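Protein chains in written order, with the working numbering: chain A, 2 to 428; chain B, 2 to 428.
These are computed hints drawn from the structure, not numbers from a lab. Since the structure is predicted, the reported quantities are computational estimates derived from the model, not experimental observations. Hints are not guaranteed to be accurate.
[Claimed, not checked] Dumping the calculated EDC-like pairs for lysine to aspartate or glutamate here, alpha-carbon to alpha-carbon at most 16 Å:
#1 B/K389 x B/D87
#2 B/K268 x B/D102
#3 A/K100 x B/E292
#4 A/K312 x A/D201
#5 A/K88 x B/D102
#6 A/K182 x B/D404
#7 B/K271 x B/D333
#8 B/K271 x B/E243
#9 B/K302 x B/E292
#10 A/K182 x A/D404
#11 B/K100 x A/D87
#12 A/K302 x A/D281
#13 A/K268 x A/D281
#14 B/K100 x B/E243
#15 B/K88 x A/D404
[Unchecked claim] Just a sample of chain B residues kept apart from chain A, beta carbon distances all over 12 Å, derived:
#16 C28
#17 D57
#18 T58
#19 G84
#20 K100
#21 E275
#22 L276
#23 A300
#24 K389
#25 T390
Note that beta-carbon positions come from the ideal geometry of N, C-alpha and C, so glycine has one too.
Protein chains: 2
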Amino acid sequence: MAVQTVASTSTPTVDLGPAAALSCRECGHRVSLGPVFACEECFGPLEIAYDFSAYDTEELRARIEAGPANIWRYAPLLPVPAGVADKPNINPGWTKLVKADNLARELGVTGGLFVKDDSGNPTHSFKDRVVAQALEAARAFGFTTLSCSSTGNLAGAVGAAAARAGFRSCVFIPHDLEQGKIVMAAVYGGELVGIEGNYDDVNRFCSELIGDPAGEGWGFVNVNLRPYYAEGSKTLAYEICEQLGWRLPDQIVIPIASGSQLTKIDKGLKELIELGLVEDRPYKIFGAQAEGCSPVSAAFKAGHDVVRPQKPDTIAKSLAIGNPADGPYVLDIARRTGGAVEDVTDEEVVDAIRLLARTEGIFAETAGGVTVGVTRKLVKAGVLDPTKTTVVLNTGDGLKTLDAVAGTGLTATIRPTLDSFREAGLA
Amino acid sequence: MAVQTVASTSTPTVDLGPAAALSCRECGHRVSLGPVFACEECFGPLEIAYDFSAYDTEELRARIEAGPANIWRYAPLLPVPAGVADKPNINPGWTKLVKADNLARELGVTGGLFVKDDSGNPTHSFKDRVVAQALEAARAFGFTTLSCSSTGNLAGAVGAAAARAGFRSCVFIPHDLEQGKIVMAAVYGGELVGIEGNYDDVNRFCSELIGDPAGEGWGFVNVNLRPYYAEGSKTLAYEICEQLGWRLPDQIVIPIASGSQLTKIDKGLKELIELGLVEDRPYKIFGAQAEGCSPVSAAFKAGHDVVRPQKPDTIAKSLAIGNPADGPYVLDIARRTGGAVEDVTDEEVVDAIRLLARTEGIFAETAGGVTVGVTRKLVKAGVLDPTKTTVVLNTGDGLKTLDAVAGTGLTATIRPTLDSFREAGLA
Chain A
2 MAVQTVASTS TPTVDLGPAA ALSCRECGHR VSLGPVFACE ECFGPLEIAY DFSAYDTEEL
62 RARIEAGPAN IWRYAPLLPV PAGVADKPNI NPGWTKLVKA DNLARELGVT GGLFVKDDSG
122 NPTHSFKDRV VAQALEAARA FGFTTLSCSS TGNLAGAVGA AAARAGFRSC VFIPHDLEQG
182 KIVMAAVYGG ELVGIEGNYD DVNRFCSELI GDPAGEGWGF VNVNLRPYYA EGSKTLAYEI
242 CEQLGWRLPD QIVIPIASGS QLTKIDKGLK ELIELGLVED RPYKIFGAQA EGCSPVSAAF
302 KAGHDVVRPQ KPDTIAKSLA IGNPADGPYV LDIARRTGGA VEDVTDEEVV DAIRLLARTE
362 GIFAETAGGV TVGVTRKLVK AGVLDPTKTT VVLNTGDGLK TLDAVAGTGL TATIRPTLDS
422 FREAGLA
Chain B
2 MAVQTVASTS TPTVDLGPAA ALSCRECGHR VSLGPVFACE ECFGPLEIAY DFSAYDTEEL
62 RARIEAGPAN IWRYAPLLPV PAGVADKPNI NPGWTKLVKA DNLARELGVT GGLFVKDDSG
122 NPTHSFKDRV VAQALEAARA FGFTTLSCSS TGNLAGAVGA AAARAGFRSC VFIPHDLEQG
182 KIVMAAVYGG ELVGIEGNYD DVNRFCSELI GDPAGEGWGF VNVNLRPYYA EGSKTLAYEI
242 CEQLGWRLPD QIVIPIASGS QLTKIDKGLK ELIELGLVED RPYKIFGAQA EGCSPVSAAF
302 KAGHDVVRPQ KPDTIAKSLA IGNPADGPYV LDIARRTGGA VEDVTDEEVV DAIRLLARTE
362 GIFAETAGGV TVGVTRKLVK AGVLDPTKTT VVLNTGDGLK TLDAVAGTGL TATIRPTLDS
422 FREAGLA
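Produce the complete structure using the sequences and hints provided.
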């Protein structure tokens, strides 16, 4: 199947379960399901439109609860065929929702604080959710190569999922990435192509490849498969509510890179309300950025509707998108729900990584330091209500960003004797 | 409570669920539950004796299936109190049993090949299972400090679990460990004490500390809490059988460090048979070592009953125990079940890590390279039957042993142009 940039009505019908069509988020124009991401009318972003009309609430709840311990328990709400759980895929999700009582005490939160810990995914980041979803779309469209541009988590998620599913993978990265990151991406044995240039050059090249016959049969998970890929983030909303006993949290703190994850979590919560799976009551969504890449936070504070791009300079590299595509939608959701968008310094990020590890035994990636740091800041400022149920996302694993806490070391060095032990005051 | 090396009958009664007593594996002498690990009669190792007499098979199965998605679903079969799932702990387990069809094709296994992937645990190794168990024993005995000697996975598991449960932790390591390993162990904020000496010096010091008043109130997870700690490995057997649909696998390949894990998996399988939860039919247990530390494999091949210590020299550091305490028991189990013990070179370990990543998208620690490498070798040799259901354990995560595959790199470097892309033969 040839790759298209905009939708046409000639796309053949595919079985992606309840997904009925692609719909433009700007103008509402609908087209058939296909490997397209921009509206032919207005060039707005396309997203999945579903037909959930046949579902009975209690039957649906029972079906979900009887499903597998991964994102496919929500297959009835995702753009995937009915038998998805039996196809070879990385099967992420159903990660732990940790009741973080020690952290709550430190932050002064009394209404219940939870960490949704996505470091438990197969390649230890939330990217497994979106890639698993994109893989099913790629399969439906007859693609044989899974691809992306990446500087980290996404490369590993694409490499692993492609390996499991028997796809070829071809991941593009800047050629001068750190050796450790190259190893993590290369170990799955797909093509790993270094591009002589920076990350912008890599992205520009990928866009060119998608429009070229050389890219035929290629599914770029976050470009021509983006509408499907992005839906993977809805599963975070579903899991949080089901793990709370089919209850909406009052407040959720979500990291912002492109902003897609935050908008899809909001979409997922709204779907659960519409389907009657949770009670319809208000919830507040909070966005978290690092100060060194805080275009959405800056716009929120300035009262702007548009997001002014920034040149990223932060240790939170998995969030370092200076021109976030979904920024305006994030602003809208934060304002509509009564939430906020806030940022923290790199120093606060590191402090928050240590705080989470020390209180809950969870070693988070820098992105997790951002959400925990922002949570602390917003509680102190009285913006987050400490008496309400609050969920904080940790989207990645500290083992991938060891440099952030490289200063952490031995608390004492002693000779192997009890005298030395006592002298060090350890008894 | 004072720390004791051998059991006495004066230990107060504690509630550890179905655990009835400690029983000597050598002479069968029984003593009350307490923080002891060696028999007062013969100095043999103590292990938990259970009272399972009250269980009805179908009620027990239903109770397990309705339990949480972690090891506490098996609380009725573990030395833990009934309400364990509600206490603060790291809650490991219920990790994925991956049907490894691609790997099976490469190895020529037709009877069903599965990887039990324990990299999905909270700190990404099977050590979370045993530490979670030791933590509950520590709580029952009134200890307030959790401790161990370690060079890697165990340090992280103890640090994380202690943090979550509100225990003090104090981990002893050789002072000159690699900085990355120190960071992974230190981030949880407990005491991390470097000992001027090698790993043997660290262990010797810990044994001294346990016998000294300075060690009062300290639970050393793999010393004075060892009988409880070791039981955590039984949960691997339970999960494998439940995930196979309450069915025994025909063959299991298990890594050998001290040998404890292998003996406890065998114990777990036997319990499931006795309880009627699985059909009573033969299974074979295979042990896997790295050639550079293969004392059990050497004894197996030589037909010996005793294990001659070796000085370890292998990249599989998490298995590098030259004098494995449970070696003789491992030999007995491998022979009794019709299994075997085999070893592979470091080069084969690295090849096997790559093979597993390339075929199944699972990035294993060196220990996983050992089990997959041994599986490949045993199939080739006709020792493992390729027509039988086979389970291979991956007990750790590749992110912790990146050095093993450090040579992995870019498959191509190109300029950001389609011409350069075509020249590289990537189209």
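Status of the hints after comparison with the structure:
no.: 1; hint: B/K389 x B/D87; result: violated, 39 Å
no.: 2; hint: B/K268 x B/D102; result: violated, 28 Å
no.: 3; hint: A/K100 x B/E292; result: violated, 44 Å
no.: 4; hint: A/K312 x A/D201; result: holds, 11 Å
no.: 5; hint: A/K88 x B/D102; result: holds, 11 Å
no.: 6; hint: A/K182 x B/D404; result: holds, 12 Å
no.: 7; hint: B/K271 x B/D333; result: holds, 15 Å
no.: 8; hint: B/K271 x B/E243; result: holds, 14 Å
no.: 9; hint: B/K302 x B/E292; result: holds, 13 Å
no.: 10; hint: A/K182 x A/D404; result: holds, 12 Å
no.: 11; hint: B/K100 x A/D87; result: holds, 10 Å
no.: 12; hint: A/K302 x A/D281; result: violated, 29 Å
no.: 13; hint: A/K268 x A/D281; result: holds, 14 Å
no.: 14; hint: B/K100 x B/E243; result: holds, 14 Å
no.: 15; hint: B/K88 x A/D404; result: violated, 33 Å
no.: 16; hint: C28; result: holds, 32 Å
no.: 17; hint: D57; result: holds, 24 Å
no.: 18; hint: T58; result: holds, 22 Å
no.: 19; hint: G84; result: holds, 15 Å
no.: 20; hint: K100; result: violated, 8 Å
no.: 21; hint: E275; result: holds, 27 Å
no.: 22; hint: L276; result: holds, 23 Å
no.: 23; hint: A300; result: holds, 30 Å
no.: 24; hint: K389; result: holds, 22 Å
no.: 25; hint: T390; result: holds, 18 Å
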